[in-house]
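There are 2 protein chains.
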Amino acid sequence: MAETLVENEQQPAQEYDYHPMWKSLGMNVEDHDMLLGAVGQMYGDMFLTQSNRPKATSYLDFVASNIHSGRIREMLDKKESGEATKIVGSFCLYVPEEVVTAAGGIAVSLCSGADWATDKVEEHLPRNTCPLIKSFTGFKLGHVCPYIESSDLVVGENTCDGKKKAYEYFSTLANMYIVDIPNVHNDATVEVWKGEVKKLAHKIEEFCGQPITAESLAEAIRIANDKRRALQRLSATRAADPAPISGLDSLLTVQAALMDDPVRLTGAVNDMAAECEARVAVGEGVVPKGTKRILYTGTPMAVPNWKFFNIIEKAGGIVVGEESCTGSRYYRDLVDESGTTVDQMLDAIAERYFKISCAVFTPNDQRMADIVNMARDLHADGIIDCSLQFCTLYETEAFTVEKAAEEAGIPFMHVTTDYANEDAGQLTTRVEAFLETI
Amino acid sequence: MAETLVENEQQPAQEYDYHPMWKSLGMNVEDHDMLLGAVGQMYGDMFLTQSNRPKATSYLDFVASNIHSGRIREMLDKKESGEATKIVGSFCLYVPEEVVTAAGGIAVSLCSGADWATDKVEEHLPRNTCPLIKSFTGFKLGHVCPYIESSDLVVGENTCDGKKKAYEYFSTLANMYIVDIPNVHNDATVEVWKGEVKKLAHKIEEFCGQPITAESLAEAIRIANDKRRALQRLSATRAADPAPISGLDSLLTVQAALMDDPVRLTGAVNDMAAECEARVAVGEGVVPKGTKRILYTGTPMAVPNWKFFNIIEKAGGIVVGEESCTGSRYYRDLVDESGTTVDQMLDAIAERYFKISCAVFTPNDQRMADIVNMARDLHADGIIDCSLQFCTLYETEAFTVEKAAEEAGIPFMHVTTDYANEDAGQLTTRVEAFLETI
Numbered sequence: 001m002a003e004t005l006v007e008n009e010q011q012p013a014q015e016y017d018y019h020p021m022w023k024s025l026g027m028n029v030e031d032h033d034m035l036l037g038a039v040g041q042m043y044g045d046m047f048l049t050q051s052n053r054p055k056a057t058s059y060l061d062f063v064a065s066n067i068h069s070g071r072i073r074e075m076l077d078k079k080e081s082g083e084a085t086k087i088v089g090s091f092c093l094y095v096p097e098e099v100v101t102a103a104g105g106i107a108v109s110l111c112s113g114a115d116w117a118t119d120k121v122e123e124h125l126p127r128n129t130c131p132l133i134k135s136f137t138g139f140k141l142g143h144v145c146p147y148i149e150s151s152d153l154v155v156g157e158n159t160c161d162g163k164k165k166a167y168e169y170f171s172t173l174a175n176m177y178i179v180d181i182p183n184v185h186n187d188a189t190v191e192v193w194k195g196e197v198k199k200l201a202h203k204i205e206e207f208c209g210q211p212i213t214a215e216s217l218a219e220a221i222r223i224a225n226d227k228r229r230a231l232q233r234l235s236a237t238r239a240a241d242p243a244p245i246s247g248l249d250s251l252l253t254v255q256a257a258l259m260d261d262p263v264r265l266t267g268a269v270n271d272m273a274a275e276c277e278a279r280v281a282v283g284e285g286v287v288p289k290g291t292k293r294i295l296y297t298g299t300p301m302a303v304p305n306w307k308f309f310n311i312i313e314k315a316g317g318i319v320v321g322e323e324s325c326t327g328s329r330y331y332r333d334l335v336d337e338s339g340t341t342v343d344q345m346l347d348a349i350a351e352r353y354f355k356i357s358c359a360v361f362t363p364n365d366q367r368m369a370d371i372v373n374m375a376r377d378l379h380a381d382g383i384i385d386c387s388l389q390f391c392t393l394y395e396t397e398a399f400t401v402e403k404a405a406e407e408a409g410i411p412f413m414h415v416t417t418d419y420a421n422e423d424a425g426q427l428t429t430r431v432e433a434f435l436e437t438i
Numbered sequence: 001m002a003e004t005l006v007e008n009e010q011q012p013a014q015e016y017d018y019h020p021m022w023k024s025l026g027m028n029v030e031d032h033d034m035l036l037g038a039v040g041q042m043y044g045d046m047f048l049t050q051s052n053r054p055k056a057t058s059y060l061d062f063v064a065s066n067i068h069s070g071r072i073r074e075m076l077d078k079k080e081s082g083e084a085t086k087i088v089g090s091f092c093l094y095v096p097e098e099v100v101t102a103a104g105g106i107a108v109s110l111c112s113g114a115d116w117a118t119d120k121v122e123e124h125l126p127r128n129t130c131p132l133i134k135s136f137t138g139f140k141l142g143h144v145c146p147y148i149e150s151s152d153l154v155v156g157e158n159t160c161d162g163k164k165k166a167y168e169y170f171s172t173l174a175n176m177y178i179v180d181i182p183n184v185h186n187d188a189t190v191e192v193w194k195g196e197v198k199k200l201a202h203k204i205e206e207f208c209g210q211p212i213t214a215e216s217l218a219e220a221i222r223i224a225n226d227k228r229r230a231l232q233r234l235s236a237t238r239a240a241d242p243a244p245i246s247g248l249d250s251l252l253t254v255q256a257a258l259m260d261d262p263v264r265l266t267g268a269v270n271d272m273a274a275e276c277e278a279r280v281a282v283g284e285g286v287v288p289k290g291t292k293r294i295l296y297t298g299t300p301m302a303v304p305n306w307k308f309f310n311i312i313e314k315a316g317g318i319v320v321g322e323e324s325c326t327g328s329r330y331y332r333d334l335v336d337e338s339g340t341t342v343d344q345m346l347d348a349i350a351e352r353y354f355k356i357s358c359a360v361f362t363p364n365d366q367r368m369a370d371i372v373n374m375a376r377d378l379h380a381d382g383i384i385d386c387s388l389q390f391c392t393l394y395e396t397e398a399f400t401v402e403k404a405a406e407e408a409g410i411p412f413m414h415v416t417t418d419y420a421n422e423d424a425g426q427l428t429t430r431v432e433a434f435l436e437t438i
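Read top to bottom, the protein sequences are chains V and S. Take the first sequence: its position 406, counting from 1, is numbered 406 in the numbering used here, and each next residue is one higher. Take the second sequence: its position 278, counting from 1, is numbered 278 in the numbering used here, and each next residue is one higher.
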């Protein structure tokens with residue numbers, strides 16, 4: 001399937017003029033052109049300069065060129081034809097996509113990976129706000145995210161202080177519904193969370209005007225689980241030395257999973273996984289055997305935030321796993337498929353999502369165990385933990401991750417960064433030094 | 001009652017040597033002497049330079065000199081004699097003191113108002129952590145807070161990201177129990193909160209080894225309510241022009257209420273209130289009539305954080321109210337006293353505490369209404385909203401406060417500050433400019 005789409009992509013983009021569509025969404029098309037130009041340039045510099053990529057990563061090139069254009073048109077067409085009910089955007093893995101899919105909706109993640117309209121943002125949010133939050137606010141204020149502009153509903157979630165309070169402002173700009181997330185994992189809070197998932201399901205089916213049935217929900221669970229299984233399969237191949245695929249391409253694969261059509265994505269990821277399995281079988285890698293292997297842990301990296309993976313891999317390392325929301329937290333756990341009623345299935349969904357070990361939880365011991373296990377399973381030589389600037393949760397938890405890594409005897413480095421390029425040189429130096437010591 | 005104690009105070013402090021007590025608590029007495037010296041100097045410069053203070057503020061001078069010495073000995077003596085069971089410390093208004101008092105315990109707030117051992121703190125917490133959190137961690141690491149060292153149990157609370165995650169580390173240094181606080185105010189979360197209060201009560205009576213009875217809880221509620229009534233009475237006098245008491249002395253009164261014996265405090269505050277009422281009756285003020293009146297809103301100011309109030313009042317303004325945790329949030333609401341069973345009373349306690357409009361809640365509309373009402377009731381000429389640096393919650397909510405003030409036609413200024421003195425000159429300039437415009 002991916003093959004076909006990549007062929008489509010090979011038709012020059014100029015054949016389609018997406019400007020009328022963007023305009024109809026109320027976007028600032030001049031600024032958006034500028035943004036696309038910059039991202040395209042960055043994609044070329046970071047991704048297309050990699051050598052020996054798996055051929056099936058051509059799907060990623062397709063996604064990169066299609067994500068603000070063809071994918072949006074596809075979603076809008078589906079809505080117009082009645083194939084889809086609504087487009088529902090979100091900013092967090094804690095918003096269950098199954099619930100949206102089951103009501104005939106299209107679940108997408110919203111833009112939050114680049115600085116935009118920062119001056120305007122700082123009229124409404126503190127300067128000391130994490131770049132991800134500033135980004136989605138800036139994308140909205142600057143009207144340059146077709147996902148935000150095409151979303152009929154945005155589902156926020158009370159996770160960190162920054163998002164929780166920023167949503168109060170964002171909800172004055174977009175139609176929002178907020179899901180409440182507990183602070184602690186225990187028997188009582190999982191019940192509260194199940195209640196939240198059910199309230200959300202009720203809200204979504206009402207909003208989409210289509211009931212969530214046992215059939216539609218089972219199908220939605222299967223679609224999301226298939227996607228997760230494909231991502232797990234791809235991830236497993238990265239335990240090999242040499243690694244068959246780069247961290248950059250793996251990161252983009254999860255980023256694509258948050259935005260592209262799930263069935264198409266699943267097909268393409270299975271293609272990549274099959275090719276990587278074949279590579280592993282013959283000892284072929286994207287880098288030489290013995291390249292220093294890094295487990296990335298920390299804050300998520302939304303499209304087009306590829307900066308730090310690019311730095312690590314251009315510095316001569318290879319990222320073999322991502323313990324992050326744009327990584328294993330997205331695909332590691334499946335929803336139990338044995339439920340037969342909507343209620344059972346919503347409980348199963350809630351239980352699955354409750355396992356996502358976001359640093360918003362306290363204590364967050366399971367995350368420490370996960371990190372150490374991932375490092376061992378993927379034969380990482382070291383852990384690089386990264387927080388977005390002003391992310392109190394991951395910045396503070398970094399000290400706990402460091403302790404866990406030390407106790408497990410795994411070399412560890414923490415960095416704090418943002419979306420700007422000012423620290424690229426300094427980060428490169430630090431990464432190079434770390435790679436030399438491990 | 002305060003009179004007697006002030007007389008005690010007038011006996012030279014040298015008569016008692018508290019060093020053996022501090023040593024027995026494991027404190028670093030040399031560093032602590034240094035701290036006391038610095039705070040004493042600051043107290044002299046800020047408080048004793050005020051003219052025309054109400055005579056009854058001599059209680060505050062007593063508290064300032066007694067708080068790390070006589071008050072600690074008193075608590076330890078009470079424990080030794082069996083009059084008190086345990087000392088239970090906390091960092092937040094959301095920890096109900098009534099529950100501790102009812103189990104024979106002494107509830108105290110812990111030191112968090114000055115920079116201490118910052119280098120050591122930054123080995124465990126991010127540099128970009130708010131000064132209040134760094135402070136209590138530093139006081140613990142430096143062994144200079146007799147409240148922390150004498151607390152048998154520290155009750156933390158999941159409010160902001162910073163505290164929530166910092167407690168994970170702090171709990172490795174002190175015996176801790178954590179109360180979970182919801183993100184939203186609604187019918188479901190108040191029930192969850194009632195459950196948390198009951199769990200805490202169970203924990204406290206078990207830990208103190210003394211059951212909470214209907215009698216002891218009713219008495220504890222009365223003691224805390226009496227304190228709040230006295231503080232309300234004092235606060236009400238500040239609506240007069242000229243204001244009978246300074247913001248600095250009013251702030252210290254609430255700070256004292258968080259640490260001193262509640263019955264003694266109540267007596268002293270009623271003395272102050274009576275004197276202020278008499279002043280108001282004859283039109284006597286601590287400043288001239290017409291002095292520009294400021295409502296302070298924002299983050300709490302723990303002892304000895306008097307910096308910003310000192311700046312406002314030395315610049316020629318008068319603070320007439322504090323919408324903060326070291327202000328009205330502490331005393332505005334009473335616990336309903338009509339309950340007759342422990343369960344009813346715990347529910348009443350939970351309901352009262354749930355009204356505290358901390359910025360951790362979303363949305364936090366009630367706080368906006370409170371601020372505008374306070375500004376009107378106290379005839380404030382302007383609002384100065386202040387956040388401690390890196391306090392995402394209050395920093396973000398400041399934009400909402402600004403909007404509410406604008407809509408109400410009340411001049412508004414926001415400042416961000418910390419515990420250092422580097423910005424004192426700049427703050428003074430900004431405050432002077434603000435006072436000129438209103």
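Since the hints were derived computationally from the structure, they do not count as laboratory data. One should not assume that every hint holds.
Where chains are identical, the list cannot tell them apart; a pair therefore holds if satisfied intra-copy or between any two copies.
[What the hints assert, rightly or not] In the DSS-like style, the derived pairs of lysine-lysine whose C-alpha atoms are separated by at most 30 angstroms in a straight line are:
no., residue 1, residue 2
1, LYS403, LYS120
2, LYS86, LYS355
3, LYS120, LYS23
4, LYS79, LYS314
5, LYS355, LYS198
6, LYS86, LYS314
7, LYS355, LYS199
8, LYS403, LYS355
9, LYS194, LYS355
10, LYS355, LYS203
Hint by hint, here is what the structure shows:
1. For a Cα distance limit of 30 angstroms, the shortest separation of LYS403 from LYS120 across copies, 16 angstroms, qualifies, whereas the shortest one inside one copy, 40 angstroms, does not.
2. For the identical chains of this complex, LYS86 and LYS355 are intra-copy neighbours only, at 28 angstroms inside a copy versus 38 angstroms across copies, given an alpha-carbon limit of 30 angstroms.
3. Within a single copy, LYS120 and LYS23 get their C-alpha atoms as close as 21 angstroms, which meets the 30 angstroms cut-off; across copies the closest is 55 angstroms, which misses it.
4. With identical chains, the CA atoms of LYS79 and LYS314 are never at most 30 angstroms apart, being 42 angstroms at best within one copy and 64 angstroms at best between copies.
5. For the identical chains of this complex, LYS355 and LYS198 are neighbours both inside a copy (17 angstroms) and across copies (27 angstroms), given an alpha-carbon limit of 30 angstroms.
6. In this homomeric assembly, LYS86 and LYS314 never come within 30 angstroms of each other (Cα to Cα): the closest approach is 41 angstroms inside a single copy and 59 angstroms across copies.
7. With identical chains, the CA atoms of LYS355 and LYS199 are at most 30 angstroms apart both within one copy (19 angstroms) and between copies (25 angstroms).
8. Only within a single protomer do LYS403 and LYS355 lie at most 30 angstroms apart by alpha-carbon distance; the minimum there is 22 angstroms, versus 39 angstroms between protomers.
9. In this assembly of identical chains, the alpha carbons of LYS194 and LYS355 lie at most 30 angstroms apart whether taken from the same copy (13 angstroms) or from different copies (26 angstroms).
10. For the homomeric pair LYS355 and LYS203, the shortest alpha-carbon distances inside one copy (23 angstroms) and between copies (28 angstroms) are both at most 30 angstroms.
Consistency with the previously given hints fails for numbers 4, 6, ordered from lowest to highest.
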